[in-house]
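Model the full structure from these sequences, guided by the hints.
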Amino acid sequence: MIEEVYISFDTAKMLDGIEFHCVGCYTKNGSVDALDVMNAINNKEKLYPRLPQSLLARWLREKHGLFIEVMTDFMILSIENEPTRYYPLFSHKIVNLKDSSSTKVSKNYSSYEEAHEYGLQEALKLLNVLMK
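The sequence shown begins at 29 in the numbering used here and counts up one residue at a time.
Check before you lean on any hint, since a few could be wrong.
Claimed, not checked - Here are the simulated DSS-like pairs of lysine-lysine, each with C-alpha atoms no more than 30 angstroms apart in a straight line:
id, residue 1, residue 2
1, 126, 41
2, 126, 74
3, 91, 135
4, 56, 41
5, 121, 132
6, 132, 91
7, 126, 72
8, 56, 126
9, 132, 74
10, 135, 121
11, 121, 41
12, 126, 91
13, 121, 153
14, 41, 91
15, 56, 74
16, 153, 126
17, 91, 74
18, 72, 121
19, 72, 132
20, 41, 72
21, 41, 135
22, 56, 72
23, 132, 153
24, 153, 135
25, 56, 153
26, 56, 91
27, 41, 153
These are computed hints drawn from the structure, not numbers from a lab. Just so it is clear, the structure is predicted and the values come from calculations on it, not from any experiment.
Below is the structure:
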């Protein structure tokens, strides 16, 4: 079954001070357990938004003009007397839609979602720089 991919706790902490309406939250320790969240609410502890990656990407794109593009490349493994194997490698690029500039991260990730997550983090860092 395909499930929604949520931002990591590290990414959620980068959203400090920005309000989102979301269904789930992380506690200060990174827990998403309902009982832990309720205890944190009762104790008036800080909570962090647990958003789908797609919602954060949309907010960055529509509110701030930052688009995360995940790119795919392939590593080819050829061993004598064995069929050639292709392994996908993912990377990300952040495009500023307001001025058409872009930044590409050359690191390769093992999945689309991992590349997207780190792209979101880099976009939030860039947004922090642009807002100063």
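Taking the hints in turn, this is what the structure says about them:
Proximity of residue 126 to residue 41 is assessed by CA-CA distance (about 26 angstroms); at most 30 angstroms being required, the pair is judged to hold. For the suggested pair residue 126 and residue 74, the alpha carbons sit about 34 angstroms apart, so the restraint of at most 30 angstroms is broken. For the hint linking residue 91 to residue 135, the alpha-carbon distance of about 27 angstroms falls within 30 angstroms, and the restraint holds. A threshold of 30 angstroms between alpha carbons decides the hint, and for residue 56 with residue 41 the separation of about 9 angstroms falls inside it, so the pair holds.
Taking the CA atoms of residue 121 and residue 132, the gap is near 4 angstroms; set against the 30 angstroms cutoff, the hint holds. At most 30 angstroms may separate the alpha-carbon atoms for a hinted pair to count; residue 132 and residue 91 meet this at roughly 21 angstroms. Pair hint residue 126 plus residue 72 does not hold up; C-alpha atoms about 39 angstroms apart against a cutoff of 30 angstroms. Distance check on the hinted pair: residue 56 and residue 126 sit about 35 angstroms apart at the alpha-carbon level, beyond 30 angstroms; violated.
A distance of roughly 34 angstroms separates the Cα atoms of residue 132 and residue 74; the hinted pair therefore is violated under the 30 angstroms criterion. Among the hinted pairs, residue 135 with residue 121 is consistent with the structure: their alpha-carbon atoms are about 11 angstroms apart, no more than 30 angstroms. At most 30 angstroms may separate the alpha-carbon atoms for a hinted pair to count; residue 121 and residue 41 meet this at roughly 22 angstroms. Simply put, residue 126 and residue 91 have alpha-carbon atoms about 11 angstroms apart, close enough for the 30 angstroms limit, and the pair holds.
Annotation: proposed proximity of residue 121 to residue 153 holds, straight-line Cα distance about 14 angstroms (limit 30 angstroms). Taken as a hint, the residue 41 and residue 91 pair is honoured in the structure, with Cα atoms around 19 angstroms apart against an allowance of 30 angstroms. Using a Cα cut-off of 30 angstroms, the hinted pair residue 56 and residue 74 holds, with the two alpha carbons roughly 6 angstroms apart. Of the pairs offered as hints, the one joining residue 153 and residue 126 holds, with about 17 angstroms between alpha carbons and a cut-off of 30 angstroms not exceeded.
Among the hinted pairs, residue 91 with residue 74 is consistent with the structure: their alpha-carbon atoms are about 25 angstroms apart, no more than 30 angstroms. A distance of roughly 38 angstroms separates the Cα atoms of residue 72 and residue 121; the hinted pair therefore is violated under the 30 angstroms criterion. Distance check on the hinted pair: residue 72 and residue 132 sit about 40 angstroms apart at the alpha-carbon level, beyond 30 angstroms; violated. Note on residue 41 and residue 72: the hinted pairing holds, with a Cα-Cα distance of about 17 angstroms set against a maximum of 30 angstroms.
Proximity of residue 41 to residue 135 is assessed by CA-CA distance (about 23 angstroms); at most 30 angstroms being required, the pair is judged to hold. Among the hinted pairs, residue 56 with residue 72 is consistent with the structure: their alpha-carbon atoms are about 11 angstroms apart, no more than 30 angstroms. About 14 angstroms separates the Cα atoms of residue 132 and residue 153, which keeps this hinted pair within 30 angstroms; it holds. A C-alpha spacing of about 17 angstroms is found between residue 153 and residue 135, which places the hinted pair at or below 30 angstroms, so the restraint holds.
About 21 angstroms separates the Cα atoms of residue 56 and residue 153, which keeps this hinted pair within 30 angstroms; it holds. Simply put, residue 56 and residue 91 have alpha-carbon atoms about 27 angstroms apart, close enough for the 30 angstroms limit, and the pair holds. Taken as a hint, the residue 41 and residue 153 pair is honoured in the structure, with Cα atoms around 12 angstroms apart against an allowance of 30 angstroms.
Comparing the model with each earlier hint shows violations of hints 2, 7, 8, 9, 18 and 19; every other hint is respected.
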